[in-house]
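For the sequence shown, my numbering begins at 329 and goes up steadily by one.
No wet-lab data here; the hints were simulated from the structure. Model, not experiment: these values are computed from the prediction. Do not rely on the hints blindly, as some may be mistaken.
[Claimed, not checked] List of simulated lysine-lysine pairs, BS3-like, C-alpha gap at most 30 Å:
1. 428 / 520
2. 543 / 468
3. 396 / 363
4. 495 / 468
5. 396 / 428
6. 428 / 468
7. 520 / 495
8. 459 / 517
9. 352 / 384
[Said to hold, decoys possible] Ranges between beta-carbon positions, derived for each pair:
10. 521 / 457: 13 to 23 Å
11. 448 / 559: 41 to 51 Å
12. 565 / 335: 50 to 60 Å
13. 348 / 437: 16 to 26 Å
We put the beta carbon where it would ideally sit given N, CA and C, even for glycine.
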Amino acid sequence: MKYKILEKPNCEDAYDLVQEALRKKATILIFACCKVNYEGRALSELNWGERIIMIKPDGAFLIHQEKKVEPVNWQPPKSRTRAYIRNDNLFLESHRRTPKELLTVEIRQIQFINYANVEDFEELEQSGYEKDMGDMIMEKPHMIEEGFTPTAREYSVEHGFIDILGKDSDNNLMILELKARKAGVAAVKQLKRYLQDFENTDNDYLKECQAEKKKIRGLLVAPSIMDDALELIEEEGIEFVSIEPPRELKRDKKVTLDAF
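Given these sequences and hints, build the entire structure.
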């Protein structure tokens, strides 16, 4: 692994390291005091604070605070990163073309910055996660209900990414939120926000999948549901479907004569 490290660098040295890392398609890691602005599907501002910034060779750009697993701001792979200096501060911008999004980070003090050319060719084998549930439902849509037709996965809306979109036998739009574990109130509230995203806008997707907006159904799909979450879905008119995620790793599947 080839890497380079700087501790408490000045603005110019940090800029040079970032430029070098971007040319070498390396992973960049920065511990710094920064301010963050986002423009895109919404607007957000995160005032000055000490954070961890990570830029990956595939264009992914993540900003982490000292708590929680998820980044507080991020841009997906295929985003384009550029660096520049203004008013003696280092700026990092991450541009996404479709949809148009811009994440701007202003850095005024860097404690630590490094880059590394990481080589990792293995893929994580997982089972029992939302993705496995999604794969299973896409292959066997009748598990949701007879006549269900899935039409899209990870569909982007204002409040996140919808796991599965589809339509029922009456051509009504169906929004599926998948949980591999017992679903709680947070999952219900997330699904409600997705429903509001469609109810409050004239979404082009309705035309693409030829579904009708007269009824939009929200379905929470999980092995089980907590009592307070069950009460909430009844209040909100959301449906619950109990499905267990698959538990078998692909690498554990053995080829036998039965396959031929």
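Violations among the numbered hints: Violated: hint 6 alone.
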